[in-house]
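Chemist: What follows is each chain in one-letter form.
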Amino acid sequence: MIYALYIIVFVICVYTLRHYCFTLNRLFGFQRHPYIDTDTADWPVVTILVAAHNEEKVIASILSALMKVNYPAEKLLVIPVNDRSQDHTREIIDRFVHDFPARIRAFHRTGGKPGKAAALKDAMELVDTEVILIFDADYIPGAGLIKQLVAPFFDPEVGGVMGRVVPLNCGTNILTRLLDLERSGGYQVDQQARMNLRLVPQHGGTVAGVRRSALHEIGGWNDNTLTEDTDLTYRLLLHGWKTAYQNRSECYEEVPEVWPVRIKQIMRWARGHNQALVTYGGRLLFGDHHATLRERLDGALLLGVYAMAPMTILGWTLALALFYKGTALLHGLIAVLGVTTYAAVGNFAAFFEIAAAVRLDGNRKRLAILPALALGFVVSVCAVSKAAISQTYGYFVRAEFHWDKTERFRTAS
Amino acid sequence: MAYLFVVLLLLLSGTLVGLPLLPAICELRQKQDAEPLKVIQQHAGDIRYFASSFATLIKELEPLVNRSRTSGDVCRGVLPDGSQYIIMRTVDELPRMQKQNDLFLCPNVIAFSNDVTCPGQIKFAKELYVHGQFRGGDCNQYRAVLGMSGIRLGKRSSVLRWAHAAFELVADEECQLYGRVSAAGYLTISQGCRFFRLNAPRINIGQGSGNNPANRVPREPGVSVPLRRVLHHGDVIIEAGEVVYGSIVARGKLHLRSGAKVVGSIKSNKDLVIENEAVVEGGVICSERMIVGSRCTLLGPIIAERSMVLYHGTVCGDLQKPTTVSSPEIQVQEGVVIFGTLWARQSGSVWGRA
Numbered sequence: 006m007i008y009a010l011y012i013i014v015f016v017i018c019v020y021t022l023r024h025y026c027f028t029l030n031r032l033f034g035f036q037r038h039p040y041i042d043t044d045t046a047d048w049p050v051v052t053i054l055v056a057a058h059n060e061e062k063v064i065a066s067i068l069s070a071l072m073k074v075n076y077p078a079e080k081l082l083v084i085p086v087n088d089r090s091q092d093h094t095r096e097i098i099d100r101f102v103h104d105f106p107a108r109i110r111a112f113h114r115t116g117g118k119p120g121k122a123a124a125l126k127d128a129m130e131l132v133d134t135e136v137i138l139i140f141d142a143d144y145i146p147g148a149g150l151i152k153q154l155v156a157p158f159f160d161p162e163v164g165g166v167m168g169r170v171v172p173l174n175c176g177t178n179i180l181t182r183l184l185d186l187e188r189s190g191g192y193q194v195d196q197q198a199r200m201n202l203r204l205v206p207q208h209g210g211t212v213a214g215v216r217r218s219a220l221h222e223i224g225g226w227n228d229n230t231l232t233e234d235t236d237l238t239y240r241l242l243l244h245g246w247k248t249a250y251q252n253r254s255e256c257y258e259e260v261p262e263v264w265p266v267r268i269k270q271i272m273r274w275a276r277g278h279n280q281a282l283v284t285y286g287g288r289l290l291f292g293d294h295h296a297t298l299r300e301r302l303d304g305a306l307l308l309g310v311y312a313m314a315p316m317t318i319l320g321w322t323l324a325l326a327l328f329y330k331g332t333a334l335l336h337g338l339i340a341v342l343g344v345t346t347y348a349a350v351g352n353f354a355a356f357f358e359i360a361a362a363v364r365l366d367g368n369r370k371r372l373a374i375l376p377a378l379a380l381g382f383v384v385s386v387c388a389v390s391k392a393a394i395s396q397t398y399g400y401f402v403r404a405e406f407h408w409d410k411t412e413r414f415r416t417a418s
Numbered sequence: 005m006a007y008l009f010v011v012l013l014l015l016l017s018g019t020l021v022g023l024p025l026l027p028a029i030c031e032l033r034q035k036q037d038a039e040p041l042k043v044i045q046q047h048a049g050d051i052r053y054f055a056s057s058f059a060t061l062i063k064e065l066e067p068l069v070n071r072s073r074t075s076g077d078v079c080r081g082v083l084p085d086g087s088q089y090i091i092m093r094t095v096d097e098l099p100r101m102q103k104q105n106d107l108f109l110c111p112n113v114i115a116f117s118n119d120v121t122c123p124g125q126i127k128f129a130k131e132l133y134v135h136g137q138f139r140g141g142d143c144n145q146y147r148a149v150l151g152m153s154g155i156r157l158g159k160r161s162s163v164l165r166w167a168h169a170a171f172e173l174v175a176d177e178e179c180q181l182y183g184r185v186s187a188a189g190y191l192t193i194s195q196g197c198r199f200f201r202l203n204a205p206r207i208n209i210g211q212g213s214g215n216n217p218a219n220r221v222p223r224e225p226g227v228s229v230p231l232r233r234v235l236h237h238g239d240v241i242i243e244a245g246e247v248v249y250g251s252i253v254a255r256g257k258l259h260l261r262s263g264a265k266v267v268g269s270i271k272s273n274k275d276l277v278i279e280n281e282a283v284v285e286g287g288v289i290c291s292e293r294m295i296v297g298s299r300c301t302l303l304g305p306i307i308a309e310r311s312m313v314l315y316h317g318t319v320c321g322d323l324q325k326p327t328t329v330s331s332p333e334i335q336v337q338e339g340v341v342i343f344g345t346l347w348a349r350q351s352g353s354v355w356g357r358a
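Line order of the protein sequences matches chains A and B. At position 69 of the first sequence the residue is numbered 74 (the numbering used here), and the sequence of numbers has no breaks. At position 151 of the second sequence the residue is numbered 155 (the numbering used here), and the sequence of numbers has no breaks.
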């Protein structure tokens with residue numbers, strides 16, 4: 006039992022160190038934005054897929070925004086992928102197709118497997134361009150975003166591209182404010198540091214792009230996964246394609262405004278991530294493929310992020326059990342020093358990362374909310390652990406594939 | 005008594021836990037910093053953003069500019085941003101200027117309603133607008149210049165924020181172009197100039213490069229992207245005269261020998277050397293340092309993450325399909341022609357052929 010606890014402590018320390026490395030890199034290291042200056046080019050023809058399932062509240066906003074982007078109109082085709090919607094999404098899309106017949110082509114899906122990946126897979130029959138961009142329906146792209154997301158594809162090593170997600174409704178309540186801080190840390194520091202250090206920036210499946218030939222090479226969209234973005238990241242990596250992260254290619258999104266929706270969302274992410282961990286973890290670390298050593302290590306750590314929550318709970322349980330059993334974990338001064346050091350430095354790592362991100366964004370007063378992140382942490386640990394347990398149980402009883410769509414809060418325009 | 009201690013302990017613990025949350029509670033209630041991050045960065049994307057904004061401002065003064073051109077009147081006033089402006093036809097009407105660090109300081113926004121040749125050693129502390137052709141004297145310092153025809157900057161002049169010419173912009177020797185410099189026609193920068201961000205349909209490096217025949221090598225007919233991509237884990241050398249159809253990715257160094265041709269894009273994760281007269285029809289990407297020899301033709305975007313050197317006779321992009329050349333540090337020799345954007349994030353410089 007004690008060795009299991011040592012292993013858990015070691016893994017937690019590795020993640021702590023990782024947080025510090027990323028934050029210090031963002032604050033003091035060489036920053037890579039290689040493609041962001043590409044403002045003039047012979048821009049390729051691009052298809053934009055907008056995944057939409059019951060999106061009547063938001064679909065009009067994104068289609069309107071896409072009609073105003075700064076990209077040659079004759080080189081841009083928007084395909085709203087209406088996946089079995091039962092609200093007025095279809096009518097809204099058809100109205101846009103009527104208004105912009107040469108620029109929007111509708112794809113109405115009435116049956117088939119549920120899930121975004123399955124819908125995108127079916128929509129590929131309409132796509133004949135090399136560069137494909139993907140947006141969820143609640144996103145609002147700015148005018149310059151499309152060129153910024155297309156620019157990395159001039160690099161023949163890039164198979165996927167990912168932009169930065171910025172919450173639009175961040176001021177609504179405590180949850181949206183905490184999610185705003187989390188997103189800040191996740192993109193401004195975590196993703197950009199991975200880009201800087203040539204590690205594994207993660208494809209997020211929205212505000213993102215993929216090269217069609219790369220997608221074809223890795224076998225297309227995987228509709229058996231809950232997180233097609235994580236799945237795509239790892240399959241691209243194993244086949245020698247890079248995912249480029251563009252920190253300055255920002256796009257507004259809507260974050261959940263109520264806890265049950267947030268919990269559902271993070272549970273889906275956790276299940277999908279754990280699924281990818283089981284599918285690709287071993288192959289990534291020990292397989293014969295194109296990833297470099299640092300990509301293998303970082304990729305494995307990235308795959309394990311959602312496994313950390315149940316592991317932390319297990320660690321707490323083991324520590325308590327050993328304490329009451331009377332087992333001495335460490336001796337005397339070493340124990341005191343170890344616990345004190347971790348309490349002072351280790352627990353601070355994630356907060357440090359988010360604080361650095363907020364500073365890099367040029368914000369200040371929202372840093373006051375930082376201690377409240379403990380609340381978000383507790384909810385996440387419980388939700389992610391519950392997801393891991395139900396997933397393990399589902400594996401044994403062969404539970405059916407289930408997709409939870411994230412609820413929208415915006416009022417239809 | 006024991007109960008009292010328990011209650012006190014609980015109160016103390018509660019206070020210690022709650023104290024750090026006080027600022028959070030205040031911020032959540034007051035929402036002093038609850039706006040979404042501003043992500044619409046038009047000024048960062050469009051090189052002509054500031055020039056266009058200033059042109060809009062000046063457009064409101066158009067009747068006064070026309071009056072000054074026809075009658076020679078000098079008009080004075082205040083712009084919406086509070087800056088004082090003077091509209092005049094000739095430089096003789098410039099107000100008396102005080103000398104400051106070897107330069108005569110002109111503190112107003114100046115609008116010339118006609119062609120003008122300006123004396124040297126003037127510091128234009130505010131924007132300068134020229135309705136006609138502008139020829140600046142040597143050692144002038146401009147905050148920003150908008151020329152509705154051509155602009156010629158005299159030797160050792162500097163532009164601090166931006167300059168835009170509706171036709172041609174020429175920077176004579178040793179100019180310092182700190183901000184954004186663009187032209188709707190041609191842009192020529194001479195030996196010894198330093199630059200950051202340039203954009204024009206055609207950028208001539210060195211005054212003689214206007215005769216450089218661009219587009220010497222036509223694009224390969226009948227080839228359409230995507231071509232096959234080959235990934236190499238070590239260094240790669242493309243031999244002299246060899247023609248490669250498809251894109252090349254090298255995890256090590258990449259070397260194109262003289263006259264080699266790639267119908268596709270190339271990428272090196274280390275240094276990239278392209279020898280004389282090589283041709284690349286797609287993007288040229290390098291994670292470290294890039295050296296491009298003489299008389300090369302590179303048609304796609306050219307990006308080096310550390311530094312880049314371009315030798316004379318090299319042509320980047322073409323008139324129909326302009327491109328971007330970007331790197332933190334760029335050294336470019338006279339005789340290079342770039343169609344589109346030349347962007348050095350930290351420093352760009354031009355050196356001569358001698």
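Warning: the hint list may mix true and false statements.
As the list claims (entries may be wrong) - Derived BS3-like pairs: lysine-lysine, alpha-carbon spacing no greater than 30 Å straight-line: (1) K325(B) - K257(B); (2) K265(B) - K80(A); (3) K42(B) - K103(B); (4) K265(B) - K73(A).
If you're looking for bench data, these hints aren't it; they were derived computationally from the structure.
Chemist: Hint by hint, say whether it matches the structure.
Modeler: Here's how the hints hold up against the structure:
1. At most 30 Å may separate the alpha-carbon atoms for a hinted pair to count; K325(B) and K257(B) meet this at roughly 28 Å.
2. Restraint check: the Cα-Cα separation between K265(B) and K80(A) comes to about 28 Å, which is no more than 30 Å; the hinted pair holds.
3. Annotation: proposed proximity of K42(B) to K103(B) is violated, straight-line Cα distance about 42 Å (limit 30 Å).
4. Distance hint between K265(B) and K73(A) is unfulfilled; the C-alpha atoms sit about 39 Å from each other, more than 30 Å.
Violated hints, in rising order: 3 and 4; the structure is consistent with all others.
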